[in-house]
Amino acid sequence: MSAVDQAVADGVLPGRVWLYSNYHCNLTCSYCLTESGPGVQRRELSPARMVEVAEQAADLGFTDLGLTGGEPFLLPTMPETLARLGAVLPTVALTNGTLFTGRRLAAAEVLAGARVALQISLDSAEPDDNDRARGPENFAKVVAAVPALVERGITVRIATTQSEDEPADMARLCALHRDLGVPDSDHVVRPIIARGRAEAAGLGVEVRPEDLPAELTVTADGAFWSPFGPTVRGGRLDTDLLLTRTTDPLQVPAQTLLGLIEGRPPGADSTLNIR
Amino acid sequence: MSRVQLLDASSAPLTARRHYAAGDPGPLVAALATVPELLEVALPFLSTVLGASALDVRTKEIVIVRTSALLRCGYCVDGHSVVALDAGLTLAEVGALRGEGPIEWDVEGEDDLVAWIDAVAGGRGPVDSDLAARLAGCFAEHEIVELTLLIGATMMLNRFCTALELPTAQVVADRLASVGLR
Ligand SMILES: C[S@@+](CC[C@H](N)C(=O)[O-])C[C@H]1O[C@@H](n2cnc3c(N)ncnc32)[C@H](O)[C@@H]1O
Ligand code: SF4
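Protein chains in written order, with my numbering: chain A, 1 to 275; chain B, 1 to 182.
Hints are not guaranteed to be accurate.
Claimed, not checked - Here are the simulated distance ranges between beta carbons: (1) A/Arg190 / B/Arg18: 28 to 38 angstroms; (2) A/Ile261 / B/Val127: 48 to 58 angstroms; (3) B/Val171 / A/Ala9: 43 to 53 angstroms; (4) B/Arg18 / A/Arg104: 41 to 51 angstroms; (5) B/Ala87 / A/Glu55: 52 to 62 angstroms; (6) B/Val41 / A/Ala9: 24 to 34 angstroms; (7) B/Ser2 / A/Gly202: 23 to 33 angstroms; (8) A/Glu262 / B/Val41: 11 to 21 angstroms; (9) A/Asp179 / B/Leu164: 52 to 62 angstroms; (10) B/Ala52 / A/Glu80: 56 to 66 angstroms; (11) B/Ser2 / A/Pro76: 38 to 48 angstroms; (12) B/Val171 / A/Glu80: 51 to 61 angstroms; (13) A/Pro127 / B/Arg18: 20 to 30 angstroms.
Claimed, not checked - Stretch-level coverage of chain A by chain B, calculated; a stretch enters the list once three of its residues show a Cβ under 8 angstroms from a Cβ in chain B: (14) 234-244; (15) 248-260.
To be verified - From chain A, some residues computed to sit far from chain B (all C-beta separations above 12 angstroms): (16) Ser2; (17) His24; (18) Ala83; (19) Arg103; (20) Ala106; (21) Glu126; (22) Asp131; (23) Arg132; (24) Pro136; (25) Ala144; (26) Ala148; (27) Thr160; (28) Asp179; (29) Gly181; (30) Val205; (31) Gly222.
Honestly, the hints are just simulated from the structure, not real lab data.
Here a beta-carbon is modelled for each residue, glycine too, at the ideal position from N, C-alpha and C.
Whole structure, please, built from the sequences with the hints as guidance.
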């Protein structure tokens, strides 16, 4: 057993490895930490590369995968790629949920019964409040997509990104996601973090590395500490949470991450509940 | 302006942060920090080869300034002219190493050392056997190994700093101007 295997088995190193499939997006949310939008640099990982990282993660003893972006479902082969990733390790894929209509909804059917959950962003049960940050029609598209996916046997979770200043009415939001077929155990709530567009707009909480989950995160530009690490500011990728540019073999950044965790003073765990 | 981004303390990767603890670590570290795993190995290597070692500092600075002058690396020539002056080389010696005038080397073996540097850093292919024999008369074998690696490591740095246009620090420029070396 390598030091990385042992650390994952002992819970010293978190079990999930994240992949940034791409950075472009059909939306331009006001707080987006990756400054994603239609015209941005795509920074894509190819489907083959994503599967390769997943296989190496499994070999190293990691237990789960996460996939995020940008909007992953702008990549036409994403449903098949996710099905392949789910065959390697259980996977959660973050999505804005606005693209699941027509052909794309039908294509997602390969995920029924797969070890893949789609985690869809929804910030408020009040359409105007939700759409203020996430764009016009966002609420309507999400509340249409969730039951359509659930009906097709696809596991759906809901992620709420909360503004400190204007917290959502959580009772109404939870009633809504239950109605849409998503149980409480599949609802994630996190604060807005002051990175990317949020930082530029003066939104969100300031974070230190120890506030962020030490989950190994692989992008086209290198490996990072946490999926909240490879953020973008002014079109430039942030490097403060960069681990290594080398991502193959995955052992290289995993070992660097482990070294940093082991060098951390005891009791440095965060209470900000960022996930 | 450098050709690559020089990372400041706020954008320094986690493993590079300790190099910023005492303030601005200079453009070489700030450029290498963009690839933190390279910085991790390059810095200990460079500080072992260029830093305090069994070779005396005067010899080392002769090697570094001369090599850098041959490779026309303004960044390294300027930075190490200051270090050489601090190490006790005279203005005339530093000027001669920079190619700004001839000099008679007083210390025994230093003329052969400079000829060796010129042959290794300035030449191509094999190095002359007579010169190698003369150098062996003045330096122990382990010293020849070390100073020859120092020439090579300096050449590597020279090309890196020149190609990426790393900027000379203002304090260095001011110091050189004050002694008429700029
Ligand atoms: C960057 S998005 C990528 C996946 C997909 N486009 C989406 O919106 O779900 C992943 C998650 O990060 C959240 N997010 C975006 N900017 C954030 C910030 N500044 N702080 C905390 N979470 C943020 C989004 O709301 C979303 O739930
Ligand atoms: S939060 Fe998600 S949906 Fe919104 S702009 Fe960023 S990547 Fe796109």
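Quick rundown of the hints versus the structure:
no. : hint                                    : in the structure
1   : A/Arg190 / B/Arg18: 28 to 38 angstroms  : holds, 30 angstroms
2   : A/Ile261 / B/Val127: 48 to 58 angstroms : holds, 49 angstroms
3   : B/Val171 / A/Ala9: 43 to 53 angstroms   : holds, 52 angstroms
4   : B/Arg18 / A/Arg104: 41 to 51 angstroms  : holds, 47 angstroms
5   : B/Ala87 / A/Glu55: 52 to 62 angstroms   : holds, 54 angstroms
6   : B/Val41 / A/Ala9: 24 to 34 angstroms    : holds, 29 angstroms
7   : B/Ser2 / A/Gly202: 23 to 33 angstroms   : holds, 30 angstroms
8   : A/Glu262 / B/Val41: 11 to 21 angstroms  : holds, 19 angstroms
9   : A/Asp179 / B/Leu164: 52 to 62 angstroms : holds, 58 angstroms
10  : B/Ala52 / A/Glu80: 56 to 66 angstroms   : holds, 59 angstroms
11  : B/Ser2 / A/Pro76: 38 to 48 angstroms    : holds, 40 angstroms
12  : B/Val171 / A/Glu80: 51 to 61 angstroms  : holds, 58 angstroms
13  : A/Pro127 / B/Arg18: 20 to 30 angstroms  : violated, 49 angstroms
14  : 234-244                                 : holds (count 8)
15  : 248-260                                 : holds (count 4)
16  : Ser2                                    : holds, 18 angstroms
17  : His24                                   : holds, 23 angstroms
18  : Ala83                                   : holds, 33 angstroms
19  : Arg103                                  : holds, 41 angstroms
20  : Ala106                                  : holds, 43 angstroms
21  : Glu126                                  : holds, 37 angstroms
22  : Asp131                                  : holds, 34 angstroms
23  : Arg132                                  : holds, 30 angstroms
24  : Pro136                                  : holds, 35 angstroms
25  : Ala144                                  : holds, 41 angstroms
26  : Ala148                                  : holds, 42 angstroms
27  : Thr160                                  : holds, 29 angstroms
28  : Asp179                                  : holds, 43 angstroms
29  : Gly181                                  : holds, 41 angstroms
30  : Val205                                  : holds, 17 angstroms
31  : Gly222                                  : violated, 8 angstroms
The structure fails to meet hints 13, 31 from the earlier list, while all remaining hints are met.
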